[in-house]
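Chain by chain, the residues:
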Amino acid sequence: MSNVDESLEQLLSKASPRPVPDDVATAVAREAVRAEWQAVTGKHRTKKNMVGFAVAATILVAVFSLFNQFRVPDTAMVQVASIQKSFGPIFIVGEQSVLTRADNLEVIHAGQTIVTGEESGIAFAWAEGGSLRFDANTTVEFRDDDSVYLHSGRVYFDSTPSELISGIDVADIGSFKIETKYGVVSHVGTQFMTQLESDELRVSVREGRVAVVGTYYPGTALRGQQLKFSGRQRPVVLDILEYGDAWDWIGRTSPTIDVDGRSAHEFLDWIGRELGRNIEYSDETMEQLARKAILKGRVVDEPAIALRQRMATAAFEWRYEEGTIYVSISE
Amino acid sequence: MAVYLDDKKLIKQLLAGDEPAFERFFEENFARLYRFALVRLSDDPDAAREVAQITLTRAVRKLRTYRAESALFTWLCAICRNETSDWLAKQGRYREHIVLVEDYPEVQAAVDSLQLPEQMSPEHHYRRVELLRLIQVTLDKLPPRYGDVLEWKYIEGHSIKEISGKLDIGDEATQSLLARAKRAFSDVYSTLSNGLDQQLNELAKS
Numbered sequence: 007m008s009n010v011d012e013s014l015e016q017l018l019s020k021a022s023p024r025p026v027p028d029d030v031a032t033a034v035a036r037e038a039v040r041a042e043w044q045a046v047t048g049k050h051r052t053k054k055n056m057v058g059f060a061v062a063a064t065i066l067v068a069v070f071s072l073f074n075q076f077r078v079p080d081t082a083m084v085q086v087a088s089i090q091k092s093f094g095p096i097f098i099v100g101e102q103s104v105l106t107r108a109d110n111l112e113v114i115h116a117g118q119t120i121v122t123g124e125e126s127g128i129a130f131a132w133a134e135g136g137s138l139r140f141d142a143n144t145t146v147e148f149r150d151d152d153s154v155y156l157h158s159g160r161v162y163f164d165s166t167p168s169e170l171i172s173g174i175d176v177a178d179i180g181s182f183k184i185e186t187k188y189g190v191v192s193h194v195g196t197q198f199m200t201q202l203e204s205d206e207l208r209v210s211v212r213e214g215r216v217a218v219v220g221t222y223y224p225g226t227a228l229r230g231q232q233l234k235f236s237g238r239q240r241p242v243v244l245d246i247l248e249y250g251d252a253w254d255w256i257g258r259t260s261p262t263i264d265v266d267g268r269s270a271h272e273f274l275d276w277i278g279r280e281l282g283r284n285i286e287y288s289d290e291t292m293e294q295l296a297r298k299a300i301l302k303g304r305v306v307d308e309p310a311i312a313l314r315q316r317m318a319t320a321a322f323e324w325r326y327e328e329g330t331i332y333v334s335i336s337e
Numbered sequence: 341m342a343v344y345l346d347d348k349k350l351i352k353q354l355l356a357g358d359e360p361a362f363e364r365f366f367e368e369n370f371a372r373l374y375r376f377a378l379v380r381l382s383d384d385p386d387a388a389r390e391v392a393q394i395t396l397t398r399a400v401r402k403l404r405t406y407r408a409e410s411a412l413f414t415w416l417c418a419i420c421r422n423e424t425s426d427w428l429a430k431q432g433r434y435r436e437h438i439v440l441v442e443d444y445p446e447v448q449a450a451v452d453s454l455q456l457p458e459q460m461s462p463e464h465h466y467r468r469v470e471l472l473r474l475i476q477v478t479l480d481k482l483p484p485r486y487g488d489v490l491e492w493k494y495i496e497g498h499s500i501k502e503i504s505g506k507l508d509i510g511d512e513a514t515q516s517l518l519a520r521a522k523r524a525f526s527d528v529y530s531t532l533s534n535g536l537d538q539q540l541n542e543l544a545k546s
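Protein chains in written order, with this note's numbering: chain A, 7 to 337; chain B, 341 to 546.
Just so you know, the hints here were simulated from the structure itself, not pulled from any lab data. Check before you lean on any hint, since a few could be wrong.
[Unchecked claim] Label-pair distances were calculated between CB atoms; the ranges are:
| # | chain 1 | residue 1 | chain 2 | residue 2 | range |
| --- | --- | --- | --- | --- | --- |
| 1 | B | Gln538 | A | Ser236 | 36 to 46 Å |
| 2 | B | Gln353 | A | Asp109 | 47 to 57 Å |
| 3 | A | Arg229 | B | Glu363 | 42 to 52 Å |
| 4 | B | Leu472 | A | Tyr223 | 31 to 41 Å |
| 5 | A | Val26 | B | Ala429 | 19 to 29 Å |
| 6 | B | Glu367 | A | Asp150 | 27 to 37 Å |
| 7 | A | Leu247 | B | Glu367 | 20 to 30 Å |
| 8 | B | Glu367 | A | Gly173 | 35 to 45 Å |
Bear in mind the structure is a predicted one, so any value in this text is a computation, not a measurement. Glycine residues also receive a C-beta, built at the ideal position from the N, C-alpha and C atoms.
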């Protein structure tokens, strides 16, 4: 070996391995770039309203019988959630950081990473109790039975959802944490939304209290507040509405509920919880009527639509007034 | 003027919708662009990932404009540099001063500098840190396979057999690839570390 070779090898041995982007980031980027490439080459024409990577990944057919291809730890196949509703393109990060279409996925195990495409959404029954929802363009890694890691996008968690949503244990709620690059978000009996963009974390609270153990600063938010972390700055607390546009996507992910034999009162409670609004009856008689009115069938529509349809047939009137839905008898 | 025929061929295949060409294009460039952006974005991995992704997305839109007069990765770096600036501007951050190095010192000099005693001046400390960083920069400047084999062999300590397995080639071919990679590394690293010395000299004079 020449002196130059020897010197070179010594030099290289002093260096650290080059940093690499993580698997999830690589998978998401690969599909985004692939979609753009396919649009450019005309190989697969995209629809205007579809985001790139989502469209691209539609050509990747999910083969669920080959379950082992998915990233699941060999040692612990811990089921942490089950899917109650999903729409739009859903992906799972597989080996070699490739996104695989997974629209028919039913259960989630610790270690798996789920990515939603444009105009997508998912509702999960969290195994330890609670309803977990993902908005479109969201990437989340299921770490273990009490935490997820939010890479990007928007998630919502309701620790005590309506009993009308089947398959969720509301009696024995375990802990649930959302980890992010800005810190760990945990809650005390609540409904809250966590949104992570490239340079900002926003935690919005509908009910209860949420604490964030931030990378640089801690913070807490109560009902009607939003906690905002940006860079290394101190968190900011803002007053927000608990309903409206920012929350609308949650209604779209509401799982189907079975109302057969349940009262209109229970149905309205579910509506209120999903829409973030209080329910008020015109008087006590009206409330008693709602308790006695028995519904039939299942509700597959999102809450706002279901409210219109069901109330029309129940001879009840209703109106939105800011954060409240007022219910009265039709005249 | 040099024409980068291999890169030109790859672009042609990409424009024809060739899937393996896309895989190669992405595999060879995403992680390198990520690192290129990372050092310019204060080591923010999320920002670097976003900028690298935007860069490749922009690049595929402009594939037809690539004339192979520079290496494909150089062309991508130019796009990445613009995207990094845009990203910083969008985030309201000030652009950080980026140290760029060019020119040629001896590899042995670099090794010597890495073996300085612990009591070193700030200038020496800076030089040592920069020289180590330049190793990574150099690996990224090489053809992708060259950078990978050098890293696997000398930084991560894999055997020839293991590397042959990774690349799905014979041991002799791996040895030959390593020899070529070392020569290329030596040339590029000399250029970069010499540039660093020039920069330090200018700083010392000012």
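Worksheet entry | Violations among the numbered hints, reported as their numbers in ascending order | 2, 7
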